[in-house]
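Asker: The primary structure of each chain is shown beneath.
There are 4 protein chains.
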Amino acid sequence: MNSFGRIFRVSIFGESHGIQIGAVVDGCPAGIPLHENDLKEDFARRRAGGIGTTPRVEPDLPRIVSGVFNGKTTGAPITIVFENTNTKSGDYSNLWDHPRPGHADFTGQQKYGAHNDPRGGGHFSGRITLGIVAAGVIAKKIISPTIVSATLIEAGGSKDIQAAVEQAVATKNSIGGIVECVCTHVPVGIGEPFFDSAESLIAHMIFAVPATKGIEFGSGFAAAAMKGNEHNDNFISATGKTETNFAAGINGGITNGNDIVFRVPIKPTSSIGMPQETFNFKSKAVETLVIEGRHDACIALRIPVVIEAATAIALADLCLLAQQKPRIV
Amino acid sequence: MNSFGRIFRVSIFGESHGIQIGAVVDGCPAGIPLHENDLKEDFARRRAGGIGTTPRVEPDLPRIVSGVFNGKTTGAPITIVFENTNTKSGDYSNLWDHPRPGHADFTGQQKYGAHNDPRGGGHFSGRITLGIVAAGVIAKKIISPTIVSATLIEAGGSKDIQAAVEQAVATKNSIGGIVECVCTHVPVGIGEPFFDSAESLIAHMIFAVPATKGIEFGSGFAAAAMKGNEHNDNFISATGKTETNFAAGINGGITNGNDIVFRVPIKPTSSIGMPQETFNFKSKAVETLVIEGRHDACIALRIPVVIEAATAIALADLCLLAQQKPRIV
Amino acid sequence: MNSFGRIFRVSIFGESHGIQIGAVVDGCPAGIPLHENDLKEDFARRRAGGIGTTPRVEPDLPRIVSGVFNGKTTGAPITIVFENTNTKSGDYSNLWDHPRPGHADFTGQQKYGAHNDPRGGGHFSGRITLGIVAAGVIAKKIISPTIVSATLIEAGGSKDIQAAVEQAVATKNSIGGIVECVCTHVPVGIGEPFFDSAESLIAHMIFAVPATKGIEFGSGFAAAAMKGNEHNDNFISATGKTETNFAAGINGGITNGNDIVFRVPIKPTSSIGMPQETFNFKSKAVETLVIEGRHDACIALRIPVVIEAATAIALADLCLLAQQKPRIV
Amino acid sequence: MNSFGRIFRVSIFGESHGIQIGAVVDGCPAGIPLHENDLKEDFARRRAGGIGTTPRVEPDLPRIVSGVFNGKTTGAPITIVFENTNTKSGDYSNLWDHPRPGHADFTGQQKYGAHNDPRGGGHFSGRITLGIVAAGVIAKKIISPTIVSATLIEAGGSKDIQAAVEQAVATKNSIGGIVECVCTHVPVGIGEPFFDSAESLIAHMIFAVPATKGIEFGSGFAAAAMKGNEHNDNFISATGKTETNFAAGINGGITNGNDIVFRVPIKPTSSIGMPQETFNFKSKAVETLVIEGRHDACIALRIPVVIEAATAIALADLCLLAQQKPRIV
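Protein chains in written order, with my numbering: chain A, 21 to 349; chain B, 21 to 349; chain C, 21 to 349; chain D, 21 to 349.
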């Protein structure tokens with residue numbers, strides 16, 4: 021399903037080389053100021069252009085075509101669309117028989133058969149995350165004063181991100197990275213026990229972002245080697261502030277008011293300029309595949325803002341849900 | 021929400037010291053053999069009893085009270101219930117003012133106010149995972165021949181699990197661990213692009229399991245330091261078999277037929293025998309808290325079967341969903 | 021699916037001759053007083069016993085087995101179960117080959133195959149509505165001060181219900197009726213445009229009640245012969261009170277504060293004592309079928325309280341949803 | 021919520037005088053031929069133009085902007101958009117203080133406050149049903165060979181529809197009507213017990229169509245005056261064919277293969293040229309309101325195709341759901 025959320029429901033659509041991509045955001049409260057310009061900053065962060073990012077640069081000019089009147093949301097579904105302009109579909113024609121390793125060419129073909137759209141990854145393209153970023157801009161307004169901030173903290177195994185990227189470009193290879201996301205000013209009490217825990221919804225959304233390979237909250241994998249007396253976050257104030265924050269601000273699936281902190285590993289971009297030895301489904305033999313076209317040497321550079329958006333969408337749904345106050349009859 | 025799934029929908033209910041706990045499983049196809057005895061093995065794996073697990077041992081005798089006739093599922097909702105018998109609610113009376121670090125006492129009180137059930141963690145208790153395990157037994161039958169197998173691969177930072185547990189017990193402390201889960205004989209083509217990716221649904225369910233702190237698929241966090249030419253899983257056969265499996269059997273959110281592999285860090289049990297310095301919300305001061313009662317020194321020992329169940333539930337939903345074949349009009 | 025609701029989610033389970041039937045109610049706010057005795061009145065209204073109702077009388081003693089502590093809801097899922105005690109499964113053994121007209125014997129067999137539970141209608145039995153009534157008791161508390169009140173206003177085409185029922189009993193036949201439901205003290209502004217209109221959710225739930233054949237709101241079918249100047253409900257006060265109420269308190273899917281009024285036709289009970297000429301799927305011929313067992317001559321007598329419950333459940337979901345107030349950033 | 025469906029999920033968006041209106045259709049199988057021209061016929065049936073319909077005529081040229089490649093659906097979400105071109109927003113400026121009887125002006129203002137879009141009914145406009153019709157075209161292909169056919173069978177209380185409409189136009193009044201919908205070649209076994217009964221989903225969708233006041237299946241309201249021996253549909257063949265069809269092809273919420281038949285009353289258009297005495301929320305007095313602008317004298321003329329679409333959408337979701345066959349392990 022290309023929609024997420026029980027109350028704040030985001031649907032995304034589009035293909036890399038299709039006519040339009042976009043998002044429909046339903047369940048957004050009325051009265052939130054919203055203008056195309058509000059999307060500029062996050063779009064610029066996501067956009068390609070610098071070293072290590074693809075030379076395909078789209079203008080990504082959003083049009084808000086429904087749900088906003090006199091500069092504010094009306095309560096009706098908000099639709100934001102983008103035209104695809106800079107498409108070169110010819111680049112991808114031979115990949116049907118020789119699916120690219122690491123991509124969804126093979127699985128898309130298996131699932132959708134001959135009808136799968138192969139142009140630039142079709143609906144599987146990272147370009148579709150533009151809709152997630154657009155919806156994230158709205159979500160960020162809903163969860164205010166909570167602030168979601170994600171940063172690339174390392175790439176290619178190094179904290180010197182710039183150097184690592186330059187080396188990847190030079191070798192026609194690609195590198196991964198780790199994104200850290202911190203949510204501050206989080207209200208106490210959002211998240212639901214078990215299946216709609218705050219971690220469940222955030223993780224659900226994070227794995228909707230292509231190239232993510234994991235997520236760890238707070239202590240994360242380090243928790244496995246810790247002892248209970250180290251790991252327990254002792255309370256130190258009447259507001260629920262804790263001395264440490266290994267819980268990442270969440271206990272029993274519900275926020276405790278401390279920061280939500282998590283890290284997400286990003287795999288190296290699957291498209292690389294180097295030749296790859298992989299099965300040709302037509303010739304039935306392992307053969308050399310060389311991928312032409314325009315690629316990111318380090319897609320992780322562009323992902324932090326997508327992670328922010330994904331997180332804000334999950335939190336917006338939980339925040340709106342938690343506004344249902346207990347009623348004492 | 022205490023329910024999960026679009027087609028195979030699992031709802032769980034109950035409290036640690038309540039009358040009954042259980043699960044309702046809706047959307048299960050008719051004709052699947054099911055008997056109370058089928059739950060024995062997984063229940064035994066989850067049950068306490070050995071060193072490092074709580075001395076509270078419940079018989080956990082399941083009753084299937086609906087949805088099964090003549091030993092087979094009927095297509096109607098399947099309800100499985102368990103009576104709570106071995107409850108000692110007196111143990112937990114003073115924790116309202118002095119919430120336990122690492123537990124959901126504080127967040128439960130904040131979210132539900134004075135109405136939160138404090139007895140043994142109430143609805144937040146790990147005991148409620150019994151319903152997940154019960155639903156998992158059914159899910160495992162649905163996804164057959166796919167097999168889900170989870171193992172505790174380290175505890176307390178050591179591969180010598182037994183020694184690590186004994187030390188934790190001796191010091192009245194607790195330790196965490198890492199569970200690895202492998203799914204074999206996975207069909208090609210389950211999972212949906214973006215929001216219902218196979219990773220999204222599995223991660224959603226895994227974070228419904230108390231004490232989980234993260235999840236990584238295949239290469240996971242190591243991917244961040246890898247290069248594209250290392251990370252790409254080259255195809256080596258016409259069935260889609262790959263040479264390596266850093267993708268963990270999933271591309272573009274959709275299974276490619278290779279094994280699904282992921283790892284989950286488990287935090288050390290929050291309840292420890294050692295005294296803890298933490299805020300007393302009545303006296304408004306940091307004071308020493310000593311937790312009486314019965315605890316697990318290493319809850320990670322009991323979690324693999326819950327991870328299996330959570331995974332099988334996610335896969336069952338995706339499998340049933342994927343049976344909707346394309347129709348060429 | 022045997023569950024309904026986005027926020028206030030009701031799941032029902034059980035079979036006519038199974039072990040337990042019941043309901044799980046998720047998403048109920050904490051702090052609502054709830055005791056088994058609260059169900060007595062509505063259960064008594066639903067229960068058989070009088071003339072025109074089946075001689076099978078179950079005690080219908082509810083057990084609340086989760087979600088309530090110290091007499092109030094805790095915010096966790098509420099589970100209410102009933103044991104089936106008065107079952108005589110032998111009555112129904114020959115209906116597999118000779119499905120009863122008007123019943124779900126044929127469709128159940130077609131959908132679930134040999135695994136369909138034929139005992140007393142299995143999961144299709146009207147007895148399962150006990151779970152709806154139980155959930156309705158909780159829903160009625162949530163929507164308070166809104167009051168939902170349903171009445172049988174005619175039976176067998178006559179306003180003299182008693183006489184019509186007696187005649188049906190005397191002739192071993194059955195009769196239908198019309199239930200009218202009025203909701204008073206309805207808040208303004210619940211319901212969502214289009215797919216979650218107040219009428220959509222109410223109608224969805226009403227058709228979950230067996231034997232319902234239609235629903236009309238306010239002017240209903242009479243509207244088809246009216247003119248706009250007659251049908252428009254002119255406003256007469258600043259609270260939105262209207263002179264007439266053909267809209268049944270709903271405009272654009274959203275409540276306007278006037279009473280919600282609708283009527284539901286109930287078909288005559290399908291089980292009748294008279295012989296019926298219907299196809300025998302074993303002999304492949306139309307043959308006479310005589311249904312033994314215990315039947316209601318006028319099931320409509322017992323349905324008003326189920327209609328109330330179904331309506332209250334739909335309204336509870338919409339009420340909780342509408343508590344999400346606009347936030348002006 | 022402006023989305024519907026568990027598997028075949030339709031989301032609609034837009035406002036009467038907004039930039040674009042449209043629909044996103046998720047969960048559509050791959051491989052279904054789809055072209056803009058396929059929408060022409062149903063759009064023509066919905067469009068205004070003849071006597072009794074509004075003089076506002078939009079070209080309604082659809083653009084399929086995602087989800088279709090080489091003339092066939094790809095399995096990705098299908099988005100269909102329409103530009104609004106013929107908007108005259110000036111007509112509606114004074115209706116804020118003097119909401120129109122029968123319209124959603126008042127409820128929209130109450131629900132969304134000052135942010136409600138008042139232009140031509142905003143998101144509540146019947147124009148938004150264009151998205152439903154577009155999705156319906158796709159749904160009709162999915163459910164093929166099932167055919168859904170709706171007809172206006174009376175208007176203004178008369179079977180002489182033409183005469184009734186002419187009289188309404190002449191008097192600047194409006195009239196209602198009754199739409200009958202018949203589904204033929206329906207597969208056996210779609211629909212789920214209780215909450216997702218075939219009637220529940222169809223009725224849910226029908227009440228998403230503005231101006232509908234009720235629905236009755238088969239015998240409908242007449243059932244209330246019938247006897248069991250008359251109403252029971254006796255089987256007459258091994259395929260489940262019945263002698264009568266008072267059940268409208270549905271037993272226990274599940275289709276039995278006979279035609280699904282239902283009728284829907286449509287209220288007279290709320291916008292009329294005649295003056296109306298209704299409350300002015302600014303002056304706080306009942307005053308005369310005269311509605312300028314372009315109206316339908318008989319909106320029921322344009323609704324049959326919307327009813328068809330709504331029905332096909334509900335059936336498509338149930339059909340796709342029912343393809344999950346029992347698996348005998």
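Mixed in with the good hints, there may be bad ones.
It does not matter which identical chain is used: a pair holds within one copy or between any two.
[Stated by the list, open to error] Pairs of lysine-lysine residues, derived as DSSO-like cross-links and limited to a Cα-Cα distance of at most 30 Å, are as follows:
(1) Lys261 - Lys302
(2) Lys60 - Lys261
(3) Lys179 - Lys304
(4) Lys161 - Lys302
(5) Lys192 - Lys304
(6) Lys302 - Lys60
(7) Lys247 - Lys161
(8) Lys192 - Lys161
(9) Lys161 - Lys304
(10) Lys247 - Lys179
No lab work stands behind these hints, which were simulated from the structure alone.
In this text, all values refer to a predicted model and were calculated from it rather than measured experimentally.
Asker: The structure should be examined with respect to each hint, and the outcome stated for every one.
Answerer: These are the hints, each one checked on the structure:
no., hint, verdict
1, Lys261 - Lys302, "between (61 Å within a copy, 15 Å between copies)"
2, Lys60 - Lys261, "neither (35 Å within a copy, 43 Å between copies)"
3, Lys179 - Lys304, "neither (42 Å within a copy, 42 Å between copies)"
4, Lys161 - Lys302, "neither (50 Å within a copy, 33 Å between copies)"
5, Lys192 - Lys304, "within (27 Å within a copy, 60 Å between copies)"
6, Lys302 - Lys60, "neither (44 Å within a copy, 40 Å between copies)"
7, Lys247 - Lys161, "neither (39 Å within a copy, 37 Å between copies)"
8, Lys192 - Lys161, "neither (40 Å within a copy, 46 Å between copies)"
9, Lys161 - Lys304, "neither (52 Å within a copy, 35 Å between copies)"
10, Lys247 - Lys179, "both (29 Å within a copy, 15 Å between copies)"
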